[in-house]
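J.: Next come the chains, spelled out residue by residue.
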Amino acid sequence: MSTILLINIAWQVSTLALVTLGLAIVFGKLKIMNMAHGEFVMIGAYAPIITSSLGLATWLQLPICIITVSLVALILERTIIRHLYGRMFDSLLATWGVSILLREIVELVFGRSYQSVPQPVTGTIDIFGTDYPAYRVVIFLFVIFGFIVLAWWNKRSKVATQLKAMVENPELAQAIGINTGRLSAGAFVFGCATAGLAGLLLAPTVQVEPMMGLDYLLKSFFALVVGGLGGLDGLAVGSSIIAGTQSIVSVAYSQTAGYLAVLVLSIFFLWLKPDGIRASS
Amino acid sequence: MKKFHYLIASIAAAIGMLATTAAFADIKVGVLVPDSGPAGLFGPSSRNAAMLAAKKINADGGINGEQIELIFADAGVAPAEATQAAMRLWKGKGVEAFVGMHNSALREALIGRFNGEVPYVYTAVYEGNSCASGLYITGETPSQQLAPVIPHLMQKKGVSNWYLIGNDYNWPRDTNVLAKEYIAKAGGTIAGEEYVPMSVSEFDSSLQRIKESGADAVLVTLVGGASVGFNVGYAGFELDQQAIRLGTLIEENTLAGIGAANANGLFSSSGYFAAIETDAAMAFAASYKNAYGADAPALNSLGQSTYEGLLLLAALGNKAGSLDVAAMDAAAEGTQWTTPRGDNTMSGRHVAQNIYLAEGTGGEFGVVATFNNVASSDACNK
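Taken in sequence, the protein lines are chains L and A.
First residue of the first sequence? That's 1 in our numbering, and the numbers climb one at a time after it.
First residue of the second sequence? That's 1 in our numbering, and the numbers climb one at a time after it.
Because the hints were derived from the structure by calculation, they are not lab data.
Just so you know, these numbers come straight off a predicted model, no measurement behind them.
Please note that the accuracy of each hint is not assured.
[As the list claims (entries may be wrong)] Cβ-to-Cβ under 10 Å is the rule here; a few derived chain A residues that face chain L: (1) Val196; (2) Ser201; (3) Lys211; (4) Gly225; (5) Val228.
Where is the CB? At the ideal position from N, CA and C, for every residue including glycine.
Could you put the whole structure together from the sequences, leaning on the hints where they help?
T.: Right, here's the structure in full:
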């Protein structure tokens with residue numbers, strides 16, 4: 001196994017985990033099959049375009065991204081999503097409609113053409129003897145740090161405990177005074193905001209156009225099917241297996257074989273172990 | 001007596017109306033452009049170019065003295081649906097000729113339905129070797145885009161070891177069969193060849209293979225988002241220091257998506273670029289801007305091709321004296337006409353045309369070489 005392959009695997013796993021995190025929260029905790037997940041990633045990727053078209057400074061891309069995505073998520077939650085908690089297949093249909101709507105709106109505003117987002121950090125740096133894009137290294141470190149903070153928060157914070165209570169037994173949680181409505185809304189918005197953040201971070205490395213979200217939706221579902229909906233460890237396991245398999249098989253055989261392996265794996269898990277490896281407790 | 005007068009009057013009126021409609025009968029031309037679907041991006045520019053062509057043709061006297069009228073249909077939907085739309089235009093609306101800017105699947109379906117009964121001009125760049133009665137093709141073929149360009153680049157840039165990467169379907173595969181011939185003839189070698197499924201959007205393993213192969217040139221036949229993603233990743237790994245890139249379907253919009261910073265050493269071979277500086281091309285760009293404004297959908301090879309297709313239809317129709325397929329087929333070979341792309345000659349149902357090599361370094365295309373009157377070896381044998 002060459003160094004570059006190992007680094008590539010680390011990159012693919014961490015970016016998949018980053019993109020899937022939002023869906024793990026929304027689907028895993030709130031049981032909303034958010035088919036518009038990819039569109040939140042897409043809107044986040046458009047944040048630099050929004051920022052420059054408003055004539056604002058580059059450093060404002062991050063706040064603009066969070067604000068825009070959170071606003072869209074909040075509007076969505078208050079109007080449509082809050083009627084769908086616990087109704088998984090209804091949420092699938094509704095959010096699919098929303099995803100079409102969001103794509104069309106972005107197309108209306110920015111057109112169908114490709115946009116380009118310049119890399120904030122250019123060049124390559126030498127890692128264990130191989131040249132690797134510096135920007136990817138920065139994102140990777142950020143993702144690791146972010147997940148450590150998130151895991152710590154999940155273990156220690158009161159809100160996280162309330163969320164767990166609400167997921168396990170919503171009626172009892174409400175009875176003891178937890179504001180489930182506000183908690184659900186907050187969780188949904190947070191999940192979508194992380195998707196938007198993923199889009200912003202990845203935008204300089206991929207194509208940016210209204211249809212870009214579909215691919216992320218698919219990959220996120222694959223990761224959750226395999227890893228299971230049991231919180232952060234399910235996310236870690238799922239991302240590692242899916243991204244790792246595709247990376248290794250793509251290098252060993254071909255890109256076709258790599259994608260085929262991911263599909264076969266997902267089909268097997270859906271068939272034989274639909275709850276995934278780390279099913280929710 | 002009064003009844004008789006009424007009868008004469010109504011017959012006269014009827015004759016008068018018939019005469020009027022006959023005098024103003026426009027030739028209806030069906031134009032199939034992708035308003036939706038994966039190529040939907042090119043719909044608006046295709047429409048604009050087509051309408052501009054109709055204006056020019058009508059100003060020059062139409063086809064055989066009759067003005068033409070364009071009727072559009074969406075070619076971006078699935079082939080079965082698009083074929084239905086074309087049939088509605090033909091049988092329902094009395095369309096007498098078709099111009100199509102769409103994918104190969106639809107072209108083959110339409111060839112089957114038209115069965116040589118109506119003239120059909122196909123304008124998009126494609127894999128070559130499509131032959132049928134009544135079918136005339138202005139679209140560039142791989143032999144035209146590569147036969148003069150590969151040896152030229154190899155000599156100018158001192159490269160000889162090519163890596164071929166494309167999406168997994170017939171256009172890239174057919175292109176690479178020819179590319180390998182031209183590379184071998186120019187004394188080059190193949191460092192590797194790979195095909196990527198349309199659903200794959202990350203190219204780390206491919207980029208690794210390119211790096212390890214030691215290639216100094218890459219022929220890119222990826223399409224759409226894959227082309228953008230690949231080229232962005234390529235520059236991220238600074239592979240542009242190792243190898244130049246040549247693409248045969250990299251137009252202005254794809255270049256915009258790739259971004260100025262990632263287009264170093266990126267070349268594109270095509271029959272048209274908005275940046276061509278010949279008199280004809282610049283005059284065309286100016287009239288396009290006049291007609292549609294500065295914010296109009298940007299000109300590119302695919303969008304502009306409908307203009308080429310309509311001008312071919314007019315040239316052939318006028319030479320044959322009618323839009324009857326037998327007459328047009330008989331008159332086709334050797335027909336010459338001039339368009340914004342330059343001088344064109346009909347050869348084997350395809351068009352011997354100018355091929356431009358452009359470099360995208362810096363984020364905008366600049367034409368670096370022009371090859372005149374390049375005939376297609378993927379054309380039809382008469």
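J.: The hint names Ser201/A as touching chain L; please verify it with the least Cβ-Cβ distance against 10 Å.
T.: holds (5 Å)
J.: For the hint on Gly225/A, does the least C-beta distance to chain L fall short of 10 Å?
T.: Holds: closest Cβ of chain L sits about 4 Å from Gly225/A, inside 10 Å.
J.: Against chain L, is Val228/A within 10 Å by beta-carbon distance?
T.: holds (4 Å)
J.: Under the criterion of a CB-CB separation shorter than 10 Å, is Lys211/A in contact with chain L as hinted?
T.: holds (8 Å)
J.: Hint Val196/A vs chain L: min CB-CB distance below 10 Å?
T.: Given a least distance of 5 Å, the restraint on Val196/A holds.
Every hint from the earlier list agrees with this structure, and none is contradicted.
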